[in-house]
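Each chain, letter by letter, is given below.
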Amino acid sequence: MKPFKTLAVAGTLMAATFLTTVAVDAKTLRWARSQDATTLDPHSGNTGPNHVLAHNIYEPLVIRSFDGKLTGALATSWRVLPTDPTTWEFKLRPNVKFHNGNAFTADDVVFSMKRALMPAADMKSLLVGVTDITKVDDLTVHFKTSGPNPLLVNNLTNLMIMDKEWAEANNAATPQNLREKVENGATRQAVGTGPFQLVTREPDVRTVLRVFPGHWGASEANHGITEIVYRPIPEAATRVAALLSGEIDYLQDVPVQDIARLQTSTGIRVNPGPENRPIFLGMNVGLPELRSSDVKGKNPFADVRVRQAVNTALNREAIQRVTMRGQSTPLGIIATPYINGYTKELDTWPRYDVAAARKLLADAGYPNGFSVTLHCTNDRYVNDEGICQSAVSMLGQIGIRTTLVAQSLRVHFPAIQRGEYDFYLLGWGIPTFDSHYVFNDLYRTKTQSAGTWNGTGLSNATLDAQIDSLNSEIDPAKRNATIAAIWKWIKDNDVYAPIHMQFIAGAMRSEWNIPTDVENTPKMRFLNARGS
Amino acid sequence: MSHRAAAPQPRLKLTWKERVAIWRDSDLWLSFKASPVAIMSTAVTLLIVIAAIFADVLAPQDAFDPVALNLLDGFAHPMERGAGSNMLFVMGSDEQGRDIFSALFYGTRLSLLVGVASVIFSMVLGIGLGLLAGYLGGKIEMLIMRVADIQLSFPAILIALLIFGVARGLIPPQQYETTAVFVIIIAIGLSNWAQYARTVRASTLVERNKEYVQAARLMGISGFGIMARHVLPNVMGPVLVIATINLALAIIEEATLSFLGVGLPITQPSLGTLIRSGQKFLLSGEWWILFFPAMMLVILALAINLLGDWLRDALNPKLR
Numbered sequence: 001m002k003p004f005k006t007l008a009v010a011g012t013l014m015a016a017t018f019l020t021t022v023a024v025d026a027k028t029l030r031w032a033r034s035q036d037a038t039t040l041d042p043h044s045g046n047t048g049p050n051h052v053l054a055h056n057i058y059e060p061l062v063i064r065s066f067d068g069k070l071t072g073a074l075a076t077s078w079r080v081l082p083t084d085p086t087t088w089e090f091k092l093r094p095n096v097k098f099h100n101g102n103a104f105t106a107d108d109v110v111f112s113m114k115r116a117l118m119p120a121a122d123m124k125s126l127l128v129g130v131t132d133i134t135k136v137d138d139l140t141v142h143f144k145t146s147g148p149n150p151l152l153v154n155n156l157t158n159l160m161i162m163d164k165e166w167a168e169a170n171n172a173a174t175p176q177n178l179r180e181k182v183e184n185g186a187t188r189q190a191v192g193t194g195p196f197q198l199v200t201r202e203p204d205v206r207t208v209l210r211v212f213p214g215h216w217g218a219s220e221a222n223h224g225i226t227e228i229v230y231r232p233i234p235e236a237a238t239r240v241a242a243l244l245s246g247e248i249d250y251l252q253d254v255p256v257q258d259i260a261r262l263q264t265s266t267g268i269r270v271n272p273g274p275e276n277r278p279i280f281l282g283m284n285v286g287l288p289e290l291r292s293s294d295v296k297g298k299n300p301f302a303d304v305r306v307r308q309a310v311n312t313a314l315n316r317e318a319i320q321r322v323t324m325r326g327q328s329t330p331l332g333i334i335a336t337p338y339i340n341g342y343t344k345e346l347d348t349w350p351r352y353d354v355a356a357a358r359k360l361l362a363d364a365g366y367p368n369g370f371s372v373t374l375h376c377t378n379d380r381y382v383n384d385e386g387i388c389q390s391a392v393s394m395l396g397q398i399g400i401r402t403t404l405v406a407q408s409l410r411v412h413f414p415a416i417q418r419g420e421y422d423f424y425l426l427g428w429g430i431p432t433f434d435s436h437y438v439f440n441d442l443y444r445t446k447t448q449s450a451g452t453w454n455g456t457g458l459s460n461a462t463l464d465a466q467i468d469s470l471n472s473e474i475d476p477a478k479r480n481a482t483i484a485a486i487w488k489w490i491k492d493n494d495v496y497a498p499i500h501m502q503f504i505a506g507a508m509r510s511e512w513n514i515p516t517d518v519e520n521t522p523k524m525r526f527l528n529a530r531g532s
Numbered sequence: 001m002s003h004r005a006a007a008p009q010p011r012l013k014l015t016w017k018e019r020v021a022i023w024r025d026s027d028l029w030l031s032f033k034a035s036p037v038a039i040m041s042t043a044v045t046l047l048i049v050i051a052a053i054f055a056d057v058l059a060p061q062d063a064f065d066p067v068a069l070n071l072l073d074g075f076a077h078p079m080e081r082g083a084g085s086n087m088l089f090v091m092g093s094d095e096q097g098r099d100i101f102s103a104l105f106y107g108t109r110l111s112l113l114v115g116v117a118s119v120i121f122s123m124v125l126g127i128g129l130g131l132l133a134g135y136l137g138g139k140i141e142m143l144i145m146r147v148a149d150i151q152l153s154f155p156a157i158l159i160a161l162l163i164f165g166v167a168r169g170l171i172p173p174q175q176y177e178t179t180a181v182f183v184i185i186i187a188i189g190l191s192n193w194a195q196y197a198r199t200v201r202a203s204t205l206v207e208r209n210k211e212y213v214q215a216a217r218l219m220g221i222s223g224f225g226i227m228a229r230h231v232l233p234n235v236m237g238p239v240l241v242i243a244t245i246n247l248a249l250a251i252i253e254e255a256t257l258s259f260l261g262v263g264l265p266i267t268q269p270s271l272g273t274l275i276r277s278g279q280k281f282l283l284s285g286e287w288w289i290l291f292f293p294a295m296m297l298v299i300l301a302l303a304i305n306l307l308g309d310w311l312r313d314a315l316n317p318k319l320r
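If you're matching them up, the sequences are chains A and B in order.
Residue numbers for the first sequence follow this note's numbering, beginning at 1 and rising by one.
Residue numbers for the second sequence follow this note's numbering, beginning at 1 and rising by one.
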C-alpha cells in the first residue's frame, strides 16, 4: 500500500503545483484608453466609455459577447407571453449576489429599470414604449409595453441592474444628471453583480477593479484576470509608448497612425476590426437663426440644398485614405451593415464635387457662403479632431467658412443633448442592431424619453409617428417597410452628413488575446485566456 | 567732428550721417566687426525676422487657411509632390496636407511676436518697478524687491502656467482662440519682470547719488522726471543685454507652454504648437512633421542667445 500512498501524495502535490501555476497565471490587466467614463452611474451617460466600465462592474439582463451575440446575463430566459403580446417575461438567474453580499431579486430589476426611465437618466430611449415593469415573483419580471414590441430584448444589453437597497441607502435612488454639475452616491461608488468589483475610483486618473469571487459565473470564468487597472491616457503617442514600454498591457484604442508600426513590433499583438458605430456631422435645422453664423434672420441649414451641399463637399474617400489611413468604411447613412434596415442601395453618398456643391449653395441663396462654428470632440472617436479639420478645409472650398472648436467629450456631449450647437460631430453606436435606435435617438423630436441625442432641432410629426409605430409593429415585413420608408425620407432630407464607420484596433502585449468588440465595450468576462 | 556743427546748441541734434559715424567709431561696432559669432548670429536672426514678417508673401502655401489645403496631399515626404495638388513639399506635409515649410514661416512669426511682445511687457514692468524701488527706497523698495525675490524662487514656466490657468478661468471658452495670444504674452511677461527690476534697482542705487542727479534735484525737477529723463538712460545698457537673452528664453517658454497644450491653439500655431502636433506622429514614422519645427526653434533660440552673449561681453567694462 505504501508505494501507492506515496504516489497519491505525489499526485496531490503535482495537482497542487498545477493549481498554483494556474493561480499564478491569473494576473492584473493594465488597460488604457484615450478617455475616462464621465461617471460610474450606469444610467447617466449612454456613451461607450461609460458602458465599458459599467459592463465589468454591473450586469444587464442580457449581454452581447465580443462578436455581438446576445446571451443571458442576469436573465436566464425571456419570451413574449403567448397570452399577451404586449408583455415580455424575464426569468432571472437564481443565487446571484451583489458585491456587498445582498441577494439579487426582481425588486432590483424593477428598481433599476424605473431608475433608467427617470428624467435625469440618459438610457430612457432604450425603454421607449415600456409602460410598466412589474415583479411577478422573486425571479420573474414582466415588462409591459404600449403595443407589441418584438425587439425589446435587444434594447436591454446596456441597461445595468443596481442593488435597490444600496442605491437607496447611498443617495443614488435617482440617476446623476450629467447635463447639470451634480454628483450622487453612484458617481464614484459602484455595487453591482458583475464579475469585477470596484476597488478605487479616481476620475481621469485610474480605476481599479478586482475580480469578484462571488460572481455567479466565477467557476466557469476563463479570463484569468484578478485585477483590472483602467487608466485614461489622452495623448496618442504617450499611449503607444506606454504599451511599448510595458507600462500597460492592453490599449483599447490604438491611434490609426500607429497600427502598422505596432503590428511589426515584437511582443505586441494588434486585433483590428470594424466598430458598429457610424460617425457623422449634425446640422441644426431647428433654429430660426444659427448662433455662430454671419447670416442673420434665417438659418442656412434649414434649406435642404445647403445640407446637400455639405454632403457633396465632403470627400469621404480622402478622409478614409489620409485621415483614417484606410481604417474606416465611408458611409452614406447613419447605419452599418450589421443592423436591420441597412441596404447597399441606401448606403450611397453624393460624389465629391466642389462645383456642384457651390451651385447648390448658390441656388439656396448663399453664393458667397456663410460662416458657422463646428464643434467636435478631441478624445472620443478615432482621429475625431483630424476629421473635423478635414471637414473645415473641404467646406471652406465651397465657401462655408467654418471655425473649429475641438473639446473633450465631457463638454461636447451634454451640449449636444442641450441642443446648443449649430454644427457638430457625433458617433452613434447601435447596441440594438436595429434602425429604430438610430431613428428614435437622432431623428425623432426631442422629448423626455426620445430624441435624446437629436441636437439638430429636427421635429417632424409625420416622421415621429412612423418612428413610434415601429415600437409596436409585430409583423416583420410591415415593420421593415416602415423602416425603409423612414430611410427614404432621411435620404431626401440630409439632416446629417454621414462620414464613415470607424475601425477600431486593440493592441496588447502578446500574452493577451483580447478580441475586438463590435460595440467597442470589451466585456472581460467573455475573454478566453486559455485560448481554446 | 560733430562738435563744430553742434557747438552753438547746448542740445546736440545729430544728423543721421553723424549718428552712423559715431556708431562706426564706437567700441560696440569694433567688437561686432571682430566677432564672427556676432555677425553670423545677427545675419541668421535678421533672415528669420524678415522671413517671419513677410510670411504671407514668401510662404508657398497659406498654411493656416483651411481652404488652401488639400487633404489628398497629406503625409507627403520631404521633397515629394502631393497626391492632390501636385505641389512640391520641400519639408513634407502633415496629416491635413499642410506644407511644413510654409507652416514654419507662420509659426516663427507667432513665436517671435509672442517673444518680443512678452519681453517688452516684462521690460516695461520691470524697469518701472526697479526705478521706483531704487529711487524711492524705503517701504516701497522693500515691498517690490521681496515680491521679486519670491517670484524668482519659482521657475518662470510655473508662474506662466499659473497665470494661464487663472486667465482660462476668467475668459469664456468661446474667446479662448481670440485671446490666446494676449494671454500667453501676459503670462510670459509677468513671469519674467523680476530680473529687470533687480538690475534696474541696483543701477539706480548707484546713479541716484551721482552729481548729475543731485544737480537735477536742486533744479527742482520732480522725482518722476529725474527717474525718466536722467536715471533711466543711464541704466538701459544692462537691461538691453537681459532683454536680448530673455527673448530667446521667452520664445522657448512659449514653445514649452504650447507643447504642453496650454499655449497657442492649432489654428494659430507657434513653433511649439507645431512641435506638439507633430509629436503624435513620432512613433509612426512621419518624422518631418516634428523635426523641422523643432530645428527651427533651435536655430532661432541659438542665434538670439549667441547675439545676447556677445552683447553682454561687449558691454561688460571688465572684459574690455
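Check the hints yourself; a few may be wrong.
With the Cβ distance kept under 10 Å, some of the chain A side facing chain B (calculated, not the full set) [as the list claims (entries may be wrong)]:
#1 H223
#2 T226
#3 V229
#4 P232
#5 I233
#6 E235
#7 A260
#8 V392
#9 L395
#10 R401
#11 V405
The set of hints was computed from the structure by calculation and includes no laboratory data.
For clarity, every value in this text was computed on a predicted model and none was experimentally measured.
A virtual CB, placed ideally from N, CA and C, is assigned to each residue, including glycine.
Quick rundown of the hints versus the structure:
Checking H223 (chain A) against chain B by beta carbon gives a least distance of about 29 Å; that is not within 10 Å, so the hint is violated. The interface hint given for T226 (chain A) is violated, since its Cβ lies 31 Å from the closest Cβ of chain B, which is over the 10 Å cut-off. This hint is violated: V229 (chain A) has a C-beta 23 Å from the nearest C-beta of chain B, more than the 10 Å allowed. A hinted interface residue such as P232 (chain A) counts as satisfied when its beta carbon comes closer than 10 Å to some beta carbon of chain B; here the least separation is about 15 Å, so the hint is violated.
Against a cut-off of 10 Å between C-beta atoms, the interface hint on I233 (chain A) is violated, since the closest Cβ of chain B lies about 12 Å away. Because the beta carbon of E235 (chain A) sits about 7 Å from the nearest beta carbon in chain B, less than 10 Å, this interface hint is met. The beta carbon of A260 (chain A) comes within 7 Å of a beta carbon in chain B, closer than 10 Å, and the hint placing it at the interface holds. This hint holds: V392 (chain A) has a C-beta 5 Å from the nearest C-beta of chain B, less than the 10 Å allowed.
The criterion of a C-beta within 10 Å of any C-beta in chain B is met by L395 (chain A), whose closest approach is roughly 8 Å, and the hint holds. Annotation: R401 (chain A) was flagged as interfacial toward chain B, and the flag holds, the nearest CB pair being 8 Å apart, inside 10 Å. Annotation: interface hint on V405 (chain A) holds; nearest CB of chain B at approximately 8 Å, less than 10 Å.
Of the hints listed earlier, those the structure fails to meet are numbers 1, 2, 3, 4 and 5, in rising order.
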